[in-house]
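Q: Residue numbers (our numbering), protein chains in the order written: chain A, 1 to 419; chain B, 1 to 419.
A portion of the hints provided could be inaccurate.
One-sided excerpt, in silico: chain B residues whose CB lies under 7 Å from chain A [said to hold, decoys possible]:
#1 His49
#2 Ser75
#3 Val226
#4 Leu231
#5 Ala236
#6 Gln237
#7 Arg271
#8 Ala272
#9 Asp276
#10 Thr278
Pair ranges (Cβ atoms, derived) [to be verified]:
#11 B/Glu107 with A/Gln237: 56 to 66 Å
#12 B/Pro241 with A/Gln237: 14 to 24 Å
#13 B/Asp201 with A/Val191: 28 to 38 Å
It is worth saying that the hints were derived from the structure and are not from the lab.
The C-beta atom is built at its ideal place from N, Cα and C for all residues, glycine as well.
Letter by letter, the chains look like this.
2 protein chains.
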Amino acid sequence: MTAKTKSWILMATGRSPTNIAVIKYWGKRDEALILPVNDSISVTLDPDHLSATTTVAVSPTFDCDRMWLNGKEISLSGDRFQNCLREIRKLAGDVEDEKKGIRIRKEDWQNLHVHIASYNNFPTAAGLASSAAGFACLVFTLAKLMNVNEDHGKLSSIARQGSGSACRSLYGGFVKWTMGNDASGSDSIAVQLAPESHWSDLVIIIAVVSSKQKETSSTTGMRDTVETSPLLQHRAQCVVPARVLLMEEAIRNHDFASFARMTCVDNNQFRAVCLDTTWTWQLIFLNTTRQIAEACFLMKWIIFEVAYTFDAGLNAALISPNRKVAGLASKAAICFPPSPENDLASYVTGDKSIIYEAGLQSMKYVEALPPPPEYKDESPCQKSTRDVSYFICTKLGTGPKVLTEESLALINPTTGLPM
Amino acid sequence: MTAKTKSWILMATGRSPTNIAVIKYWGKRDEALILPVNDSISVTLDPDHLSATTTVAVSPTFDCDRMWLNGKEISLSGDRFQNCLREIRKLAGDVEDEKKGIRIRKEDWQNLHVHIASYNNFPTAAGLASSAAGFACLVFTLAKLMNVNEDHGKLSSIARQGSGSACRSLYGGFVKWTMGNDASGSDSIAVQLAPESHWSDLVIIIAVVSSKQKETSSTTGMRDTVETSPLLQHRAQCVVPARVLLMEEAIRNHDFASFARMTCVDNNQFRAVCLDTTWTWQLIFLNTTRQIAEACFLMKWIIFEVAYTFDAGLNAALISPNRKVAGLASKAAICFPPSPENDLASYVTGDKSIIYEAGLQSMKYVEALPPPPEYKDESPCQKSTRDVSYFICTKLGTGPKVLTEESLALINPTTGLPM
Chain A
1 MTAKTKSWIL MATGRSPTNI AVIKYWGKRD EALILPVNDS ISVTLDPDHL SATTTVAVSP
61 TFDCDRMWLN GKEISLSGDR FQNCLREIRK LAGDVEDEKK GIRIRKEDWQ NLHVHIASYN
121 NFPTAAGLAS SAAGFACLVF TLAKLMNVNE DHGKLSSIAR QGSGSACRSL YGGFVKWTMG
181 NDASGSDSIA VQLAPESHWS DLVIIIAVVS SKQKETSSTT GMRDTVETSP LLQHRAQCVV
241 PARVLLMEEA IRNHDFASFA RMTCVDNNQF RAVCLDTTWT WQLIFLNTTR QIAEACFLMK
301 WIIFEVAYTF DAGLNAALIS PNRKVAGLAS KAAICFPPSP ENDLASYVTG DKSIIYEAGL
361 QSMKYVEALP PPPEYKDESP CQKSTRDVSY FICTKLGTGP KVLTEESLAL INPTTGLPM
Chain B
1 MTAKTKSWIL MATGRSPTNI AVIKYWGKRD EALILPVNDS ISVTLDPDHL SATTTVAVSP
61 TFDCDRMWLN GKEISLSGDR FQNCLREIRK LAGDVEDEKK GIRIRKEDWQ NLHVHIASYN
121 NFPTAAGLAS SAAGFACLVF TLAKLMNVNE DHGKLSSIAR QGSGSACRSL YGGFVKWTMG
181 NDASGSDSIA VQLAPESHWS DLVIIIAVVS SKQKETSSTT GMRDTVETSP LLQHRAQCVV
241 PARVLLMEEA IRNHDFASFA RMTCVDNNQF RAVCLDTTWT WQLIFLNTTR QIAEACFLMK
301 WIIFEVAYTF DAGLNAALIS PNRKVAGLAS KAAICFPPSP ENDLASYVTG DKSIIYEAGL
361 QSMKYVEALP PPPEYKDESP CQKSTRDVSY FICTKLGTGP KVLTEESLAL INPTTGLPM
């Protein structure tokens, strides 16, 4: 390791998308390595609306590895972070920055510490796969900084050890996480089924039911399901393999009806095994309370051929075949009125043009919408004003990208601390 | 057939209990014969609080078979009624009433018509197994009138052809419906595991969430589950058999903890396979909306070792090991305040002494109860006043009984029509 001065700082910034599973991952066969009991398939969401941005800095002046998430320092002592850092360091290559006169040999990385700053442009730990985007971004950006010369498949197997579904955020479009067979986990990696351009008409609307953190982590929930649900192994071994093939075929053929049907039935079965879980089901059940209310109106959307899927948190994702159907769906969704203090701009985020095109230009159009039928006999104050915090209108997105513009870095290049 | 005059009427009146399954029946392997995909176990409820009363009358002056349910004439043309009437007529014996000078030979029954009047002392078709009590009572009372000389096992296999779970209402206490193997259904019968006296401490509180009729019949729901749930057959073949053995053991040993645990997990799994159903799940889901709200507070009762179980309708049944625990549970339950027009007497029915002993002597005690924790941050009008229509406090009950007192008959002995 050489440099003109001892105080140099080298940085890289990356941005990774989040993803939502259409064939669900629920249950690990190996807790430490995060190996799943079945394959899963996801769609990657547009990083402009849902993504993690991470800056990683290295300097000989750093005493230890440190990380800040959304501006707040967090501990890196957990196994998940340690596994990712260790595996990436093993693969680190030589780095040379002639302009700054910095040269790092691959063996130096073992003794250099990193500062990591990460920021999610959407609620953390509320079921929107923030840990997926976060670990994918951490691994991707560390790999860039450390000049790791491996394909995204290898990186996905490292991100997987941070958070299982993170491996699927290493690619854009449609992604499959193959469960693999090897005990080491080396073949439990993500592969891209199709890029986002393959089916660019799809519109995804996320109803953020609560931006509060989940009460049970997915990790605890899955463990309880593996330990107590008599139905889970049957699902994993006898049901999911055929669904994965059908889903791949539906994606290949742009067959939205099959895609939507498979998405909905697998979502239902995922929740079914949660319900079949002795301990956690109680918490899932609690979490479900508001989701059920959502589901009541979401169901109607099926007649529009809209697919819905929940994650372990409180939010619902709706996938429409095109903007026109998405506009119809958004009209139904917005029947859940925003809080009085909200304007339309803060109630619908992302690609607002979808709802404008559907004729909803301002809150007065929203307020004039009739309530969903099942709410008609409720008194006005029982119309669940706060059931949906806000909507995110988005689409399929790309995989991780390096952000070269210095103004996007989250770490001060002089102090090595978050901006 | 002889009689002094042609205008005689002969009647019998019976009363049959309803039952609630603790190991669930969900799914038929034969739709016509009503043969289930797995064994089930139920508790019979006290007929003083939940039962059907049926009077059957026969007279040579009756032109056709007719039936009145809760005072309203209903059609007997359905297969289910026809199967029960045909099977019972086949077994009919000679009847002689010396006082009235009536003599009916067994072959006469084929040409004699019956009038049937039935009355439920609880809401019909809202998930409280009204059809179970009703068909059990119909078959039992017809058997008495027609002097059928068969044991209750045989009668249960006839009642089963009216409504599957009706076979379990032929006995008091704890009852198992063995699925049987024979294609004719002859061995798909109910057997008593233990009489009500075996475990008389148990208290059952039913929260009647809605007395409206169900939106989907159990028949339709089961058929959809059999046709579309990939998890149902696994449940039926690989999960339920072991649970049935454990439940039988728990009942034999008065082991309430195991009994409660098995009741809850099997209820969850029943709902899980409903959720895993492609079509009906949507309706079940709608029905579930309010149940979920119930479940949130019912869950707390588990810490008191209270078992909960739902049926396909909207109501919850709670089983407590004794009156003291039931009193605690009722306090939690009554946090869901009754409508303003209700007094305590109409809000809690059945054995009210349980709630009086728990310190709830009048509505002002009920109104002073704190709301359940998860309702604390809701505005007062969102406290779901109408979630529970009323409670029924009850206990284990006896099987069908003949009612000899003439004043209890539902048919006028002179006109042959409902009173």
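Q: Next step is simple, just say for each hint if it's right about the structure.
A: Here is how each hint holds up against the structure:
1. Evaluation of the B/His49 hint against chain A yields a violated restraint, the C-beta minimum of about 29 Å exceeding 7 Å.
2. Hint status for B/Ser75: violated, given a least beta-carbon distance of 31 Å to chain A, over 7 Å.
3. A distance limit of 7 Å between C-beta atoms decides the matter here; for B/Val226 the minimum to chain A is near 15 Å, and the interface restraint is violated.
4. Given hint, B/Leu231 at the interface with chain A, holds; its Cβ is 5 Å from that chain's nearest Cβ, closer than 7 Å.
5. Annotation: B/Ala236 was flagged as interfacial toward chain A, and the flag is violated, the nearest CB pair being 11 Å apart, outside 7 Å.
6. Of the supplied interface hints, the one on B/Gln237 is violated, with its beta-carbon coming no nearer than about 10 Å to a beta-carbon of chain A, more than 7 Å.
7. Interface hint at B/Arg271: satisfied, since its Cβ lies 6 Å from the closest Cβ of chain A, which is below the 7 Å cut-off.
8. Among the interface hints, the one on B/Ala272 holds; its C-beta lies about 4 Å from the nearest C-beta in chain A, closer than the 7 Å criterion.
9. Annotation: B/Asp276 was flagged as interfacial toward chain A, and the flag holds, the nearest CB pair being 4 Å apart, inside 7 Å.
10. For B/Thr278, the interface hint holds, the least distance from its beta-carbon to any beta-carbon of chain A being 6 Å, beneath 7 Å.
11. The hinted range of 56 to 66 Å is satisfied by B/Glu107 and A/Gln237, whose Cβ atoms lie roughly 58 Å apart.
12. A hinted range of 14 to 24 Å holds for the C-beta pair B/Pro241 and A/Gln237, which are about 20 Å apart.
13. Between B/Asp201 and A/Val191 the beta carbons are some 60 Å apart, a value that contradicts the proposed interval 28 to 38 Å.
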